[in-house]
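There are 2 protein chains.
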Amino acid sequence: MSFFNSRWVQLPDGCTELSDGRLPGGFRAAGVAAGVKQSGERDVALLVCDEPQVTSAARFSRSGAQSAPVLLTRQQSQLGALRAVVVNSGNANAATGERGMLDAAAMRAAAGEAAGIPVERIAVASTGVIGVPLPIDAITTAISSAARRLRDDGAEDFAAAIRTTDAFPKQVALQVELSGGSVRLSVQAKGAGMISPNFATLLVFVQTDARIDAAEVDLLLAVCTKRSFDRISVDGQLSTSDTIVMQASGASGVGIEPESADERLFGEALDAALRQVALLVARDGEGARRVGRVIVRGGDQRGVERVAHAVADSPLVKTALYGGDANWGRVIQAVGAALPGTAPLDVGIVIEGIEVCAHGAYVEHDAQALAQAVMGPEIEYEITLPGEGAETERYFSDLGHEYITINADYTT
Amino acid sequence: MSFFNSRWVQLPDGCTELSDGRLPGGFRAAGVAAGVKQSGERDVALLVCDEPQVTSAARFSRSGAQSAPVLLTRQQSQLGALRAVVVNSGNANAATGERGMLDAAAMRAAAGEAAGIPVERIAVASTGVIGVPLPIDAITTAISSAARRLRDDGAEDFAAAIRTTDAFPKQVALQVELSGGSVRLSVQAKGAGMISPNFATLLVFVQTDARIDAAEVDLLLAVCTKRSFDRISVDGQLSTSDTIVMQASGASGVGIEPESADERLFGEALDAALRQVALLVARDGEGARRVGRVIVRGGDQRGVERVAHAVADSPLVKTALYGGDANWGRVIQAVGAALPGTAPLDVGIVIEGIEVCAHGAYVEHDAQALAQAVMGPEIEYEITLPGEGAETERYFSDLGHEYITINADYTT
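Sequence order for the protein chains is Z and F. According to numbering that gives the first Met the number 0, the first sequence is numbered sequentially starting from 0. According to numbering that gives the first Met the number 0, the second sequence is numbered sequentially starting from 0.
Bound-form chain Z, shown alone (with noise of 0.2 Å):
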């Protein structure tokens, strides 16, 4: 089964999904068990390029109570000159002060000289849960231990030994073909829970074998995150350790000039790339079952987003959507609670190209085929707000008993 099984994502001509488990070159991967999951599972992943003119571009959480190899990464290392990210899951080393820091570089520190690399072109993450102390001796025997096991093949490993939550592994591996011969794209990501407004819980490494400037990787990377991260929620939730990180190694030896027409056939398949990965991360959603799509289209730019937002988070819709309800009064309380003060508001709402609202009343519509309409796993909710010009779209998960069950007993 390809990777794009969803019917809004597109693989783009010119791309090819690759299953030879081969990271692109230049790069090795390793994912071991160091005990931080009492489970028992790979907890401790290391991505390491053994190319020293790679560069990198990352992005961050915003939050106010960013973790320490948040911190850490942010202020002491080379963003645009990353060779490594060293990686722990089941405890997030947030709320964990001065000692959070300093085992943060601990395991910086680990994997640098394991893997003979500066510890400034180093990035840490951490995932799991908050507050509680890492137990960095294990982690950094286990860092030694991955360092030994770094394969060009190891992508499946290291994707294993990022997940917390996940329902399953998202990662995914291009061949896209551009004028000076063939690149690799690959993407590893980890997320199903607190995944909100500005991309949440969530880990994300890209890798690329082309040659690309840092500020281009940058640039990608920005506008890519912008269409897919950024555009998902599952519960609303602003994580306080999201990483993304993608490097390109120029291994390939196929340059990606600024603007050229390869520039964008790059930037198509990654775009591709992470906006599956974004729709996997809502899908999982920590036991969702369906997924759900709303575009919003009229009023200006502000409105639509707030309008987006509020409808992808709203518990009310979510739980219509889990229960295959098509309860669309829902979606309109969460239109107007977006825009108060507007009433009586001109806006209509179309369900899996059913029209049931127009000019804010119900329309006559066919319950029976409506009702079949969103028993499926992808449900498309549009909105049309009064005037026009804007628009925008966001991706959800719906919300049922499987949430509950693993958020109301995930603790310390």
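If you're looking for bench data, these hints aren't it; they were derived computationally from the structure. Any given hint could be a false lead.
Take a look, some chain Z residues computed to stay more than 12 Å from chain F by CB distance [said to hold, decoys possible]: (1) L10; (2) A108; (3) G328; (4) E377.
Footprint (simulated), chain Z over chain F, 3 or more residues, beta carbon under 8 Å [what the hints assert, rightly or not]: (5) 83-94; (6) 259-273; (7) 331-337.
Restraint-style ranges between C-beta atoms, simulated for each label pair [unchecked claim]: (8) S1(F) <-> A166(Z): 46 to 54 Å; (9) E256(Z) <-> I405(F): 53 to 61 Å; (10) R301(F) <-> S181(Z): 29 to 37 Å; (11) V222(Z) <-> A108(F): 52 to 60 Å.
Cβ coordinates follow ideal geometry from the N, Cα and C atoms, glycine included.
Could you slot chain F onto chain Z? The hints should help.
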């Protein structure tokens, strides 16, 4: 058992809880079944003041998708001189367009004719499913029937007929001793879902037989609403239909002058009653087990309000509350999300008197004692931000399986 069963609200001195089932002097009420609710339960309610000089005040949802009865009442009724309220449950008459406005007007006309009151002195409210036309003939017939059954001990019937998903009724009657004699104060409320920032599908009706200027009724209601219904969150959703009406008949002959000691006494009684009703709404919260109170101190007013909202609306905090889980990492996650760009943030967290976090980092504490403390019915979270001066609080319900069960299946 007293209506005032929370450690967070005390009945003021000079107030007595009444259990004779009688409304304040001048008021009569009734509740009947019109068949709007498929269960056959009562769903049409009428409350009438027999004193033509009655004063009143009203407040409504600010949603851009206000229901027809909200639009009609706001625009076409004398909000300072309401004599009657007519309500139906089971159908919100929202997103019903022109037909909805005609139906709301028909309800008002039926109440006016049956009770002999000019229509502009009547408020209309509806709660229930959105986007479905009212069975208006059945409702107007039921209104006539209700008018024949009006009784001065009809508060309980009235309260039953305004309920939807409420697990228990919410009403209280008090006697307040003032310098000129005693007055009565009674409240009937409905609300257990879509409760949020600005009090949501919440219907609240308040009566007193004190004599109070309309401007003063408005002021008392504004102040007490701000401290009660504006401070509860069930699921962060703003309804199309929220309505709160307060009426003062003057039938006791006891007047309350602006800025008098009597006004302070009466205001304290009203404050206690509305805060307790608000707490009951949060506790009901569509299947809630526990209710939380978050107090935020420090920083500026905007900051404390944002943090209080973020904590109270966080599905992660709410599921932990439901699970009786002391996962305070989710509290700091919500705080950080509310104040982006401020890391590292000097925040303190105390749960049920136990300090778990200071200066943004965990504090050694008795985990056993904390685990025990969060199993109770009311859990208090105290959050300290850097700086001083501002303070706010919010009450919120948990998020559990019952919420999912109710909302995944409650349909059109």
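For each hint, the structure was consulted:
1. At roughly 33 Å from the closest C-beta of chain F, the C-beta of L10(Z) stays outside 12 Å, upholding its exclusion from the interface.
2. At roughly 21 Å from the closest C-beta of chain F, the C-beta of A108(Z) stays outside 12 Å, upholding its exclusion from the interface.
3. The non-interface label for G328(Z) is inconsistent with chain F: the shortest C-beta to C-beta separation is roughly 3 Å, within 12 Å.
4. With a closest Cβ-Cβ approach of about 18 Å to chain F, E377(Z) is found to remain outside the 12 Å limit, as its non-interface label requires.
5. Interface restraint, the stretch 83-94 of chain F with chain Z: holds (3 residues with C-beta to C-beta distance below 8 Å; minimum three).
6. Taking a C-beta to C-beta cut-off of 8 Å, the stretch 259-273 of chain F contributes 0 residues in contact with chain Z, too few for the three needed, and the coverage statement is violated.
7. A count of 7 residues in the stretch 331-337 of chain F with a Cβ less than 8 Å from any Cβ of chain Z is obtained; the coverage claim is therefore met, three being the minimum.
8. For S1(F) and A166(Z), the hinted distance range of 46 to 54 Å is satisfied, since their beta carbons lie about 47 Å from each other.
9. A beta carbon spacing of about 57 Å between E256(Z) and I405(F) agrees with the range 53 to 61 Å that was offered as a hint.
10. Between R301(F) and S181(Z) the CB atoms are about 52 Å apart, so this pair departs from the stated range of 29 to 37 Å.
11. A beta carbon spacing of about 58 Å between V222(Z) and A108(F) agrees with the range 52 to 60 Å that was offered as a hint.
In terms of the numbered hints stated before, the structure departs from hints 3, 6, 10, listed from lowest to highest.
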